[in-house]
Amino acid sequence: MALNKLIGVVGRLPVKNVSQFGQKFAASTMSVRDALSMALDEELSHDERVFLLGEEVGHYDGAYKISRGLMRKFGKSRVIDTPITEAGFCGLAVGAAFAGLRPICEFMTYNFSMQCIDQIINSAAKTYYMSAGQLHCPIVFRGPNGAAAGVAAQHSQDFTVWYAHCPGLKVVAPYSAEDAKGLLKSAVRDDNPVVMLENELLYSETFPMSDEAMKNDFMVPIGKAKIEREGTDITLISYSIGLVTTMKAAEQLAKEGISAELNESEAYDALDGPVYRVTGTDVPMPFSESLEIAAQPQPADVIKMAKRSLKK
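Just so you know, UniProt numbering puts 104 at position 104 of the sequence shown, and the rest follows in order with no gaps.
Watch out, some of these pointers could steer you wrong.
Claimed, not checked - So the derived label-pair ranges between C-beta atoms look like this:
| id | residue 1 | residue 2 | range |
| --- | --- | --- | --- |
| 1 | A87 | S131 | 14 to 24 Å |
| 2 | L291 | T85 | 28 to 38 Å |
| 3 | K304 | P208 | 49 to 59 Å |
| 4 | A132 | T29 | 42 to 52 Å |
| 5 | Y60 | K311 | 49 to 59 Å |
| 6 | H165 | K215 | 32 to 42 Å |
| 7 | H165 | K311 | 25 to 35 Å |
Worth flagging that the hints you see were computed from the coordinates, not collected in a lab. Every residue, glycine too, gets a C-beta built ideally from N, C-alpha and C.
Build out the structure end to end from the sequences listed, making use of the hints.
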């Protein structure tokens, strides 16, 4: 049996203290924000062809402070503040990738990536195939995606499926700090375009960091599944902040005698059981907090579908 819980955000996650760039990173735990900062720092140091561009990434240290301190360390030619013109700076970044550089193009929110969908799809994603492998486009598009808190419909769209269905793009959506660091580093070193979909509510969440993950050469391979929780009765599949919902559901199911495996997955060829989907309601994201929560999957929804799949 398998239950496919695509994505969901539950209410408002607690905001924890965030360490400032330049302080020593703790090896025991790290926020997703710090992990992304570390990855950017390491990749800018590793390869002089890498550069970061986007709105407020430099002087303001990034809208979510992920690029804090990077302009001061690497200079204005490597960390570039852009005007509010996604189509312009995204097209510039794609052209730079064609010329052999390795740009990291940050969107303040992935909703704004719709302004440059032509550059992402028709230029970045298709050129390797259309050039018969003669021209690569080593570029990373990254930023917060999906539901946050109190930002309403125009800032809450989840574009995972949009981009995942476009040939030529690799799509990653990290959950933990280790995944965020390792996947971003793998994306930067990939010779073709990668869409990295982060989540604003996870930026301040802290996760364990292994000694291995603290090393400069640590990377997470793109496209590999990871078991977050062992189980024997049912499999819950999710990614990014959807794992918060499924973890809560798995804990409640355990209390009711149902052992749920929790699988953080990015790729599947086949599943050996019926798939049940648990998704948000088919409406734009409301601004009202109560409606915002009602529009998104809850642990109870996952539990209900899990029991249905087990005929309980």
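Here's how the hints hold up against the structure:
{"no.": "1", "hint": "A87 <-> S131: 14 to 24 Å", "verdict": "23 Å, holds"}
{"no.": "2", "hint": "L291 <-> T85: 28 to 38 Å", "verdict": "33 Å, holds"}
{"no.": "3", "hint": "K304 <-> P208: 49 to 59 Å", "verdict": "31 Å, violated"}
{"no.": "4", "hint": "A132 <-> T29: 42 to 52 Å", "verdict": "47 Å, holds"}
{"no.": "5", "hint": "Y60 <-> K311: 49 to 59 Å", "verdict": "54 Å, holds"}
{"no.": "6", "hint": "H165 <-> K215: 32 to 42 Å", "verdict": "35 Å, holds"}
{"no.": "7", "hint": "H165 <-> K311: 25 to 35 Å", "verdict": "32 Å, holds"}
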